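Visitor: Residues -30 to -1, 1 to 272 (mature numbering (1 follows the signal peptide of the UniProt record, and there is no 0)) are what the sequence shown spells out, left to right.
A couple of the hints might just be wrong.
Distance ranges between label pairs, derived from CB positions [stated by the list, open to error]: (1) 248 - 151: 28 to 34 Å; (2) 246 - 194: 18 to 24 Å; (3) 224 - 266: 22 to 28 Å; (4) 190 - 41: 17 to 23 Å; (5) 64 - 100: 16 to 22 Å; (6) 116 - 142: 27 to 33 Å; (7) 43 - 122: 17 to 23 Å.
The list that follows gives simulated cross-link-like pairs (lysine to any residue, SDA-like), each with its CA atoms no further than 20 Å apart [unchecked claim]: (8) 152 - 125; (9) 85 - 245; (10) 245 - 77; (11) 152 - 185; (12) 32 - 49; (13) 152 - 163; (14) 85 - 155; (15) 32 - 43.
Calculated from the structure, these hints are not laboratory results. All figures in this text were calculated on a predicted structure; none of them were measured in a lab. All C-beta atoms in this analysis are idealised placements derived from N, C-alpha and C, irrespective of residue type, glycine included.
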Amino acid sequence: MKKKFLAIGVAAALSVTAVGMMAGCGPASADGVTEITAAFSRPNTSGTYGAFNELVVNSEGKSIDEAINDDGLDFAACVQYSQETGNVVTDVAANPNALGYISLGAVAANSNQIKAVQVNGVDATVANIENGSYALSRPFNFVYRTEEGISDLAQNFIDFIESAQGQELVNEEYIGQAEEAKEYTPYSGSETTLTLTGSTSVQPLMRDFIIPAYQELNPGITIECSGSGSGQGESDAVAGNNDLGMISRALGSDYADTLTAYTIALDGIAVIVQKDVALTNVTFDQLYNLYMNGTPIPCDAE
């Protein structure tokens, strides 16, 4: 696995709000929908929020992050917050006039409700992330306190991810970052519980793929996997409340001196709409203007 010390500033500029269905956005049916007029965002503690805002730029090259944190602007009134990945899926599925964004790895499991659209004319696929043509991608990282170092059990868990079996599991939905597969030896130490907290985008990779396979080889190990976002993963790591924090972006600059980051995988950020909506493609400029200016996106726009 490549060890990376990645720093970006993800400022907490927006308040987290509980959301429901947006008013005035039409019935829960795609019939007759001609434009996207509303959007859902993750809260500012989410790594997906930070990565999306940094990557999406308008035609002049200004990112959403710069507009909010440098220019002091706010999201348009048509934008509301969805606390976790599952909430974005539910909210978008209930509103045919809205779009949102989630981890690409979460799209297939929810394809009965939502679909991913092209971004800048490129399909959101693992292959396109790997070849660099899909622009909305970011790292999945583990973090831990640099001074204390990583525990033996946490290192063994990472060793499993770096093994041939672990990389095969990662590569089912993501892009593994191990430079070469390692031989893996099950854990033989005295620790019995591993605690992972943080990103709701990283959790499906851990919960659905890595943890079950790891526990088959290490049946005596209990793994707790929870959290509400990347910000929690970082703050818990600083406070010593986890063994590994999970973050779905680069390590925040506020933590660069206290935490070490290991890149687990690369993931795409998929822009999603209700599965029957006619929209097939959005541009960065359209996304910027919807989120920042409330400008509708025509469903036949290419």
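Visitor: A separate judgement is required for each hint: does it hold in the structure or not?
Guide: Going down the list of hints, with the structure as the test:
{"no.": "1", "hint": "248 - 151: 28 to 34 Å", "in the structure": "violated (43 Å)"}
{"no.": "2", "hint": "246 - 194: 18 to 24 Å", "in the structure": "violated (38 Å)"}
{"no.": "3", "hint": "224 - 266: 22 to 28 Å", "in the structure": "violated (36 Å)"}
{"no.": "4", "hint": "190 - 41: 17 to 23 Å", "in the structure": "violated (54 Å)"}
{"no.": "5", "hint": "64 - 100: 16 to 22 Å", "in the structure": "violated (33 Å)"}
{"no.": "6", "hint": "116 - 142: 27 to 33 Å", "in the structure": "holds (31 Å)"}
{"no.": "7", "hint": "43 - 122: 17 to 23 Å", "in the structure": "violated (47 Å)"}
{"no.": "8", "hint": "152 - 125", "in the structure": "holds (13 Å)"}
{"no.": "9", "hint": "85 - 245", "in the structure": "holds (5 Å)"}
{"no.": "10", "hint": "245 - 77", "in the structure": "holds (11 Å)"}
{"no.": "11", "hint": "152 - 185", "in the structure": "holds (18 Å)"}
{"no.": "12", "hint": "32 - 49", "in the structure": "holds (19 Å)"}
{"no.": "13", "hint": "152 - 163", "in the structure": "violated (23 Å)"}
{"no.": "14", "hint": "85 - 155", "in the structure": "violated (40 Å)"}
{"no.": "15", "hint": "32 - 43", "in the structure": "holds (12 Å)"}
When held up to the earlier numbered hints, the structure conflicts with 1, 2, 3, 4, 5, 7, 13 and 14 and fits the remainder.
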